[in-house]
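Protein chains: 6
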Amino acid sequence: MSADNPLTHFDAQGQAHMVDVGDKAHTARVARAAGSITMLPATFALVRDGNAKKGDVLGVARIAGIQASKRTSDLIPLCHPIALTKVSVDFSLDEANNRVDCEVTARTTGQTGVEMEALTAVSVALLTIYDMCKAVDRGMRIDGIHLLEKAGGKSGHWTAE
Amino acid sequence: MSADNPLTHFDAQGQAHMVDVGDKAHTARVARAAGSITMLPATFALVRDGNAKKGDVLGVARIAGIQASKRTSDLIPLCHPIALTKVSVDFSLDEANNRVDCEVTARTTGQTGVEMEALTAVSVALLTIYDMCKAVDRGMRIDGIHLLEKAGGKSGHWTAE
Amino acid sequence: MSADNPLTHFDAQGQAHMVDVGDKAHTARVARAAGSITMLPATFALVRDGNAKKGDVLGVARIAGIQASKRTSDLIPLCHPIALTKVSVDFSLDEANNRVDCEVTARTTGQTGVEMEALTAVSVALLTIYDMCKAVDRGMRIDGIHLLEKAGGKSGHWTAE
Amino acid sequence: MSADNPLTHFDAQGQAHMVDVGDKAHTARVARAAGSITMLPATFALVRDGNAKKGDVLGVARIAGIQASKRTSDLIPLCHPIALTKVSVDFSLDEANNRVDCEVTARTTGQTGVEMEALTAVSVALLTIYDMCKAVDRGMRIDGIHLLEKAGGKSGHWTAE
Amino acid sequence: MSADNPLTHFDAQGQAHMVDVGDKAHTARVARAAGSITMLPATFALVRDGNAKKGDVLGVARIAGIQASKRTSDLIPLCHPIALTKVSVDFSLDEANNRVDCEVTARTTGQTGVEMEALTAVSVALLTIYDMCKAVDRGMRIDGIHLLEKAGGKSGHWTAE
Amino acid sequence: MSADNPLTHFDAQGQAHMVDVGDKAHTARVARAAGSITMLPATFALVRDGNAKKGDVLGVARIAGIQASKRTSDLIPLCHPIALTKVSVDFSLDEANNRVDCEVTARTTGQTGVEMEALTAVSVALLTIYDMCKAVDRGMRIDGIHLLEKAGGKSGHWTAE
Chain A
1 MSADNPLTHF
11 DAQGQAHMVD
21 VGDKAHTARV
31 ARAAGSITML
41 PATFALVRDG
51 NAKKGDVLGV
61 ARIAGIQASK
71 RTSDLIPLCH
81 PIALTKVSVD
91 FSLDEANNRV
101 DCEVTARTTG
111 QTGVEMEALT
121 AVSVALLTIY
131 DMCKAVDRGM
141 RIDGIHLLEK
151 AGGKSGHWTA
161 E
Chain B
1 MSADNPLTHF
11 DAQGQAHMVD
21 VGDKAHTARV
31 ARAAGSITML
41 PATFALVRDG
51 NAKKGDVLGV
61 ARIAGIQASK
71 RTSDLIPLCH
81 PIALTKVSVD
91 FSLDEANNRV
101 DCEVTARTTG
111 QTGVEMEALT
121 AVSVALLTIY
131 DMCKAVDRGM
141 RIDGIHLLEK
151 AGGKSGHWTA
161 E
Chain C
1 MSADNPLTHF
11 DAQGQAHMVD
21 VGDKAHTARV
31 ARAAGSITML
41 PATFALVRDG
51 NAKKGDVLGV
61 ARIAGIQASK
71 RTSDLIPLCH
81 PIALTKVSVD
91 FSLDEANNRV
101 DCEVTARTTG
111 QTGVEMEALT
121 AVSVALLTIY
131 DMCKAVDRGM
141 RIDGIHLLEK
151 AGGKSGHWTA
161 E
Chain D
1 MSADNPLTHF
11 DAQGQAHMVD
21 VGDKAHTARV
31 ARAAGSITML
41 PATFALVRDG
51 NAKKGDVLGV
61 ARIAGIQASK
71 RTSDLIPLCH
81 PIALTKVSVD
91 FSLDEANNRV
101 DCEVTARTTG
111 QTGVEMEALT
121 AVSVALLTIY
131 DMCKAVDRGM
141 RIDGIHLLEK
151 AGGKSGHWTA
161 E
Chain E
1 MSADNPLTHF
11 DAQGQAHMVD
21 VGDKAHTARV
31 ARAAGSITML
41 PATFALVRDG
51 NAKKGDVLGV
61 ARIAGIQASK
71 RTSDLIPLCH
81 PIALTKVSVD
91 FSLDEANNRV
101 DCEVTARTTG
111 QTGVEMEALT
121 AVSVALLTIY
131 DMCKAVDRGM
141 RIDGIHLLEK
151 AGGKSGHWTA
161 E
Chain F
1 MSADNPLTHF
11 DAQGQAHMVD
21 VGDKAHTARV
31 ARAAGSITML
41 PATFALVRDG
51 NAKKGDVLGV
61 ARIAGIQASK
71 RTSDLIPLCH
81 PIALTKVSVD
91 FSLDEANNRV
101 DCEVTARTTG
111 QTGVEMEALT
121 AVSVALLTIY
131 DMCKAVDRGM
141 RIDGIHLLEK
151 AGGKSGHWTA
161 E
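Residue numbers (the working numbering), protein chains in the order written: chain A, 1 to 161; chain B, 1 to 161; chain C, 1 to 161; chain D, 1 to 161; chain E, 1 to 161; chain F, 1 to 161.
Source of the hints: derived by calculation from the structure; they are not laboratory data. It cannot be assumed that every hint is accurate.
[What the hints assert, rightly or not] If you want the footprint, here are the derived chain C segments under chain B, 3+ residues with CB under 8 Å:
| # | region |
| --- | --- |
| 1 | 55-66 |
| 2 | 85-99 |
| 3 | 107-121 |
Just so it is clear, CB atoms sit at the ideal spot from N, CA and C, and this is done for glycine as well.
Isolated chain A, as found in the complex (with noise of 0.2 Å):
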């Protein structure tokens, strides 16, 4: 971080830039991000019901989320293009909330986190569900695309509270 602005991703001038990470060093590293979409309940029935008969639409999304995740530099300005050794995206059904809650963990060694490509895959996972259930249901909302851990790099191991 330098002395003139805190926000590392702008120079002294305030002009944008990829950060140098050249000097960083390669260690493992993980992030696990998280989020969740809300929806009428006939909507939820049909994607908890959903399986390769009637429609998986959590098979799809799971596909979408990976593939967005290798695109996240791609997608993100000032994002570094990373070689991702693992992404996985898992669902669970929140019966009493008709929410389905979105995990998922990205790996890499290299110079730079993953935490970037944590967040976009939760978010191309839930627009895809959105996209897939929008007929029935056009009110449904994402919430709480967080960060849930960070591990490996100079800033060390973060978790949220």
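Guided by the hints, dock chains B, C, D, E and F onto chain A, whose structure is given.
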């Protein structure tokens, strides 16, 4: 909507497909979507005071959102490709809640709606804010991504209550 | 087709170009293409028995094929960009030959055909099956990628014999 | 390979994931793949006689194959991103069968193999030949896409019989 | 052009947006652009003598230019996506100046012009020549990228003096 | 460089390939490139006075250049994919000549240089300025795109005279 499956993105056998819109009318279509990101007061101050001198966080996020809307059909597996005729990304600052609100309007003239394009732009714009501020605040949270309004096409005018 | 060159993707000097389709009529166009992948009996059994519980190989391959069809003009240098209105990817299992057959239908309304979109979807769907099964069977073989049918446009209706 | 699932691209619950390769060794890896396209004699003559004067079909297809190999992880959902260090695409002409044979070699130094990169290059190179010749021959057929050889990594040297 | 801002890509508040072209007429549009690259005499001789035997530098650059034109809206943030109906990339050799001149023609029928598509094709075609020759000549220089002509749309016919 | 062909991007038979860099050393590499765009005095004044209030042309162009550098291997057919560790895009204003000068620095640690990444960023940044100002000035001209400096790798330090 088929008799067999309320989720139109799946056929009667439950297989995902890109549904045929070839017989739909070419009409003017618009969608508005919103979402927000909440951060620490000190982070909020950095974003609020940002400008071409100190670092224009919202300016970069706006560009990222616009570009992402053009890639929607590349990110969301069953979305149809669409030639957007307009995209705008607006931010407003909620001082009381240390929250940046984002609203996107997307337009086209075509055979299918642009809800996903608006929602994707909101999501990527907010992720870009997260990316630019994460060095000082890993606990930011993205909430309330939802559709505000949709017009054009057979399903008519829809607004969130 | 120019008098000088039966290969319309080259001009009279033999230089590759994206040929002008601006004067062609906007008509409804459809293409169907097919192909297959042959594997060991044990591999075939894994694919056949796959489902949302054990691993839905064909579900993932279907999504990959649909997404690839949307990138056709990005992959095939002289292809025109096209707004597909429908893509479906169907698989059938040939037990006797330990073979998965894939058939794709693509549609648009426009000035040029969608054969390449259908053929690209078939190819990428089959490559995805290879990828998912290669840990147990490196000797799989993809064969018979060809056009089944084409309709719309000046060249009229064509079907493979 | 997990005890629960011989298909490593799925976890014990049958959910697709991008499998963790972070603990694999960085080794020199190479893959060779092949495939072919069969056409009418007159079409074959056009391709064979093509050159910078009349239209270099194979030159364009070679570029398309090389570029496609760099997009493999973008096309095949569960493929890891890989920094290829070499790709070559070679064609040979089988006059007796009016067939163009394609062979691709891909190399990297990394944690995962490059079979999919080689197979994707073969597929897209052959699709590009189809595209350039389809105005005179819609019945061309792509066959025999398969892996010839793979070296590097824990699974060792593999060659097609 | 708004009363407030002669730069139409910004709104009255100075915020970048993708301007609304939904009310513009669908007309036939064409743009021609040019540019050149100057090199050492020995490099120029290699390019001039290149062919399918020795290495067809211009053939590869032509394909790169055509493909780049199809990605214009992906590269230039506020460009509208456009379905090009034709792109051609022509080179001529200026022996006296050891210079390769490039001219591109792009066409579409739509609501916005194709100047950026033509200029992007010129730029990437010339960069590709640089890439292929840089091992023998790092001092090459790209100059004179400019629009030659534009027709179609409300602004009418424009030609460079 | 092979004995047969000074253009290393072609093999001894003149066929384009992505040359093998697998045996090159992983070294710190940097490249600097420059270019400029000349415009009418009134256009220059708009760009010079632009800011987050009136429209930050250079801020948008900077982001476009950074993003384009990450796509270099996707645009330039025989470029190797590279994980950039830093990219910065700087503009300076030449009032006397109504010219915006652009300079880009790119860095990586790897087996091949980043000249093309720097040159691509310059080109797309300047094209983006053209795009944003073309409504008031179609006659702008991009010139002088060239490499300033290159360091790292076997070929050593190179600077433009």
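Going through the hints against the structure:
1. 55-66: Since three or more residues must qualify, the claim that chain B covers the region 55-66 of chain C holds, with 4 doing so at under 8 Å.
2. 85-99: The restraint on the region 85-99 of chain C holds, since 6 of its residues have a Cβ under 8 Å from chain B and three suffice.
3. 107-121: holds (count 3)
Hint check: no violations occur; every hint is consistent with the structure.
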